[in-house]
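Build out the structure end to end from the sequences listed, making use of the hints.
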Amino acid sequence: MAKRRTRLKAEIMGSGIRATCLIKHPMETGNRLDSDGNKIPIHYIKYVKFSVNGEHVGTLNLGPGVSADPYLSFDIADVKVGDTLALQWEDNKSESDTVERVVK
Amino acid sequence: MQNLSAVAATWVAGGSGIFYSMLANAASRPDAAFLAKDADTAMMEVLGTREATASDQIKLDAPLQAENGAVVPIEVSTTLPSPESVVVVVPNNPTPLLSVIETTPRTGNYFRMRIKMAGTDNVMVYVKSEGQWYVTSQEVRVAIGGCGG
Chain H
4 MAKRRTRLKA EIMGSGIRAT CLIKHPMETG NRLDSDGNKI PIHYIKYVKF SVNGEHVGTL
64 NLGPGVSADP YLSFDIADVK VGDTLALQWE DNKSESDTVE RVVK
Chain L
147 MQNLSAVAAT WVAGGSGIFY SMLANAASRP DAAFLAKDAD TAMMEVLGTR EATASDQIKL
207 DAPLQAENGA VVPIEVSTTL PSPESVVVVV PNNPTPLLSV IETTPRTGNY FRMRIKMAGT
267 DNVMVYVKSE GQWYVTSQEV RVAIGGCGG
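Chains H and L supply the protein sequences, listed in that same order.
Here the first sequence is numbered in the working numbering, starting from 4 and rising by one per residue.
Here the second sequence is numbered in the working numbering, starting from 147 and rising by one per residue.
No wet-lab data here; the hints were simulated from the structure.
From a predicted model like this one, the values you see are computed outputs, not experimental measurements.
Only true hints are included.
Under the rule of at most 30 angstroms between Cα atoms (straight-line distance), these lysine-lysine pairs were calculated in the DSS-like manner:
1) LYS205/L to LYS52/H
2) LYS49/H to LYS183/L
3) LYS12/H to LYS52/H
4) LYS12/H to LYS27/H
5) LYS183/L to LYS96/H
6) LYS52/H to LYS183/L
7) LYS205/L to LYS183/L
8) LYS52/H to LYS107/H
9) LYS107/H to LYS49/H
10) LYS205/L to LYS27/H
11) LYS96/H to LYS52/H
12) LYS205/L to LYS49/H
13) LYS83/H to LYS205/L
14) LYS27/H to LYS183/L
15) LYS42/H to LYS183/L
16) LYS205/L to LYS12/H
17) LYS107/H to LYS83/H
Some chain H residues flagged as far from chain L (calculated, every beta-carbon gap over 12 angstroms):
18) ARG8
19) LEU11
20) ILE15
21) THR87
22) GLU98
23) ASP100
24) VAL102
25) GLU103
Cβ coordinates follow ideal geometry from the N, Cα and C atoms, glycine included.
Structure below.
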């Protein structure tokens with residue numbers, strides 16, 4: 004299982020943050036063909052969950068129609084410097100990743 | 147009077163039953179809807195209704211023209227009170243349901259993502275606020291579709 008890279012940053016916006024992530028992932032729809040004309044199997048991230056200091060704050064459920072290498076931003080209110088932002092995602096092949104950032 | 151309040155109590159109980167079953171649904175991801183090939187099936191599964199009120203309190207920023215349908219950036223912000231759920235649909239895509247965002251009181255007012263579009267189509271954004279669905283949409287003209295096949 005290939006290790007996929009997830010980048011996460013948190014930008015202070017007023018009394019909260021804008022969490023932005025870039026996940027390296029093919030997001031295959033299952034409709035594309037490879038060079039031999041075989042269907043490339045469907046492979047996509049099912050959800051991206053955000054939490055702050057361990058408290059779940061929101062989930063972005065995604066479909067295969069989200070572009071490859073998902074680049075997402077999500078505003079979260081009431082977050083201050085020193086809080087821990089965490090992101091967890093899982094795809095339809097049960098590959099997953101978790102990253103944490105301390106808000107600076 | 148007593149009869150009336152009994153009726154009201156039943157109605158309230160029935161109503162809250164529906165409310166709780168919706169909460170239960172919201173907790174599990176609508177997997178089937180994400181793979182549905184037509185927008186109607188996907189939307190009935192996720193929204194549970196076809197009724198949505200057009201609202202200018204949802205702001206959708208998308209390009210008017212996209213050269214490459216594989217990467218269409220969209221940006222959504224809403225001033226609707228306590229958004230509970232945000233749904234992104236592109237009706238003519240092979241799988242029209244793109245995203246269902248489950249929010250908490252701390253989130254839901256703003257998000258940004260990049261989506262694929264098979265061709266010129268509307269991007270529809272539904273927001274649930276205080277039990278009601280609201281919608282806004284914008285057409286994006288796509289030069290080269292980005293869904294393959």
